[in-house]
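Student: Assemble chain B onto chain A, guided by the hints.
Residues per chain, in single letters:
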Amino acid sequence: MRMPIFRRMKHRGAIIPIVLLSSLLFTACGGNSPTILNPTGPVAVQEANLFWFILAVATLVFVVVEAVLIWSIIRYRERPNTPAPRQIHGNNTIEIIWTVAPSLFLFAVLTGTIYTMFNLTNISSTNGSIPEIRVAAVGHQWWWEFDYPNQHVNNADTLYLPQGSVVHMDLQSSNVIHSFWVPSITGKTDVIPGHLNQKIFRADQVGEYHGQCAEYCGTQHAHMYFNVIVLDTNAFNAWVSNEQQSARTPTDALALQGQKIFTGSGGCTGCHGIVGVNLNSFDAAKTNSGLSATALVGPNMTHFAERRFIAGGVLIASEGHNWANEPACQLVNGKLANKDNCGLYQWLHDPQAVKPGNDMVISSLSDSQIYALIAYLQSLK
Amino acid sequence: MATRTIVEAPVVERRKRLDETYIGEWLMTTDHKKIGVMYMLTGFFFFLAGGVEALLIRTQLAVPNGHVLSPEVYNQVFTMHGTTMIFLFVMPTLTGFGNFVVPLMIGARDMAFPRLNAFGYWMVLFAGIFLSSSFLLGQAPNGGWFNYAPLSELTSNCGNAVMCTPALNEDFWLLGILLLGISSIAGSLNFVVTILKMRAPGMTINRMPLFTWMTLITAFLLLFAIPSLTAASVLELLDRHLGAHFYQFAAGGDPLLWQHLFWSFGHPEVYILILPAFGMISEVLPVFSRKPIFGYTFIAWSGVAIGFLSFTVWAHHMFAVGLPPIAQAFFATSTTLIAIPTAVKIFNWIATIALGKVSLKVPMLFACGFIAMFLIGGLDGAALAVVPFDYQVTDTYFVVSHLHYVLFGGTVFGIFAGFYYWFPKMSGKLMNERLGQIQFWLMLIGINLTFFSMHILGLLGMPRRVYTYPDNLGWNEINLLQTVGAFMLGLAIMVFFWNLITSLRSGLPAGDDPWDAYTLEWDTSSPPVHYNFLTIPTVRSRRPFYDMKNPDIADWKTATH
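From first to last, the protein sequence lines are chains A and B. Under the numbering used here, the first residue of the first sequence carries the number 1, and numbering increases by one thereafter. Under the numbering used here, the first residue of the second sequence carries the number 382, and numbering increases by one thereafter.
With the rest of the complex left out, here is chain A (with noise of 0.2 angstroms):
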């Protein structure tokens, strides 16, 4: 045989850590991303101690059995004049000790696996005037649904949730297998078509996380997240009591236009429900008695204005903004400076081609009716 071109087995013993550790560093890419790492509440605060257990167990024995792995690789390598091992077959004790060791440091892993999974969702309030709040989550392809049958509140999306209440969440799916996951604040749990899964979880700071939905479910599984927006007790309470208000009767003439397009020509009250117009009451906008065949398919559109993301975030108004005061958006005189720019323009002008697969199929509208559709939903505050 020619010789091998790693001579020396360092290189070898250099290779892996190298690998690994530049990976590592890609940690430092995450600032914005959705991590575990960075938990916000009890139930992801838990879910995240645990990882750093299980890594401080796991890099233990990596490291030790790798080492003596790439040693005895080293240390016994054959050399010019090696003579003949001694034919060793095995050796009982040594068998019983390297039984009993991981034995040992797995059961102490699954003990905090069992403690902590019992005690997950044993959590208490640190909100005095909201203690707790009852949420319905709907899976649909592909977006998701928040009804608040408490409130009387139904929303598309966005999740808002009081800071420091315990979220008692509703998992509903008439369709296919969805998972409800917002990393920083809760993992997962699938929403499945006859299943009553309950999430409980608690949100501690306010702010706006990441949501998305982790089980395969179609083509558009890749566009069905949405964000979950933390307010602390005065401002969900406000929120609350706008999000029950119907639909204010637009005094603009351009908008006025677009309701009678929204109603008639348009053709979009076929799927779409706004408390005030088309629908009596919020409870009317569920979705989630969606095996009756007259009930609506496509999102409560009452207080549109007020969302950053539409259509399972496949679009969302820039930051610090949203659909009403997006600066992309801004009709002047009726018109849009650059129409291109602006997402809601894409996608009342071809859904198809924006998110393939959806269910909004619109019969092709003019500019000038797109742009009074615009105005009326800017108007829906």
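Simulated from the structure, these hints should not be mistaken for laboratory data. There's no promise every hint is true.
[Claimed, not checked] Short derived list, chain B residues pointing at chain A, Cβ under 10 angstroms:
#1 Ser-670
#2 Cys-749
#3 Ile-752
#4 Leu-756
#5 Phe-770
#6 Thr-864
#7 Gly-892
#8 Asp-893
All C-beta atoms, glycine included, are put in the ideal place defined by N, C-alpha and C.
Tutor: Below, chain B without anything else, positioned relative to chain A:
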């Protein structure tokens, strides 16, 4: 002048029968060695197909908002990547090794049922062609390799409708899987009978080579696991075409039934994919360390323990579906238990290397790489049994990392260790060492670039099975790095095929026993004659060929088994 004309007697020309031509000899063979080689070549062909699918996936995900594949095509490609690699590459290739090597190892002249063996091979080939032909219709399966109902019962454009007429995509998958199941059952029965009934005189169960042990355990796992998959697939076909509703909640069925049936096949399947590789490196390590395997009994019986336990862990794939906590605790415990025999195996392999005389030929490089990489996959597996942590990382790239460390770092490294080891026996030629070393190092670096960083991507919240991702979530650089690593792996595989082709054409002659090995397959010519052995050898220890070559210090004189 008298001339004599020599009149040639007319030659009686008989057309060759089909089985006498070169092609026909392969088409009609029942020889376990030829069938084994055909299994392996078929496996390698689908390895290339699955590899191209992997590179398509990585190309699409190289940058955020990629437009290489449409969402529908991406979903077909990732489904077929998993399905092809598992059912059409790894399983046929491992069966091929078993076919070629096991009868030689146990001193038999062929498998117990040669015609059934050929039948099993042709089923795999036709099922593979059938599954892949779905691409020609643009209707490749798109439900993922675990094909969850009720999504797999709908077409992609069904939207929120509860029931609608399904497209062909999943029919290809279900029927293909049923055909492959028939082949697996046929193959497993054959292995069980061959190994239990056809061993050479003196080869007791406790003297069988460890690759034979692992093949036997795998065969039993298949016999008990495949029926569950078959049942699940048949029920879904009934749902799709005859109006049954086993998985339709609206009509009284339950979507979770699919998951329980699928994973009670699917978890034993994971061990079906890795146990033969355990066996292969248990053959390679002793030969290249020049000493017997350390703790033979423990390696063999920890395999049996894994086999039994593998039927008790299926719901650890389902921690997020909302099972009662007590059930989750049970499956966390069984998953913890199955890690123990796996750890025992790793320690015994390292102890086999230690105190030996280690020759780092290419098979040994891959065997050592196997231990190093499989350890990472195993530790990930133990981490995924930590249920609350699993809630966070299941269905993310963390799991993609785990399964590739096990199946690529584990099984594929094992397959290459085995292939470099037995290639001289199959072909009579040696493979090129230097190309083998280049392939090994490219693979070792490529696998860590591609898959180690997937751990981090999972912790950063990237779900699996998404056809694209936004550019503002901090996932961009890691994804690009993975694409670079994936193409490096592609290059390594090209080096392998180059080595394979050139070695077949002009490799150095191997001789019958190029590695100074211990087991009976090396006591035949390379390649072995049709009937394998002129006289069936008699076995007195676990290393019969070592005994023949070293009669003074034979194992049966010095060891107690």
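Student: Next step is simple, just say for each hint if it's right about the structure.
Tutor: Hints, one by one, checked against the model:
For the restraint placing Ser-670(B) at the interface with chain A, the shortest Cβ-Cβ distance is roughly 7 angstroms, inside the 10 angstroms limit, so the hint holds. The closest approach between the C-beta of Cys-749(B) and any C-beta of chain A is roughly 6 angstroms, which is under the 10 angstroms cut-off, so the hint is satisfied. Of the supplied interface hints, the one on Ile-752(B) holds, with its beta-carbon coming within about 6 angstroms of a beta-carbon of chain A, less than 10 angstroms. Because the beta carbon of Leu-756(B) sits about 6 angstroms from the nearest beta carbon in chain A, less than 10 angstroms, this interface hint is met.
The interface hint given for Phe-770(B) is met, as the beta carbon of that residue sits about 5 angstroms from the closest beta carbon of chain A, less than 10 angstroms. Checking Thr-864(B) against chain A by beta carbon gives a least distance of about 14 angstroms; that is not within 10 angstroms, so the hint is violated. Residue-level restraint check for Gly-892(B) is violated (minimum Cβ-Cβ distance to chain A is 13 angstroms; threshold 10 angstroms). Because the smallest distance between the Cβ of Asp-893(B) and any Cβ of chain A comes to about 18 angstroms, over 10 angstroms, the interface hint for this residue is violated.
Hint compliance for this structure: hints 6, 7, 8 are broken, all remaining hints hold.
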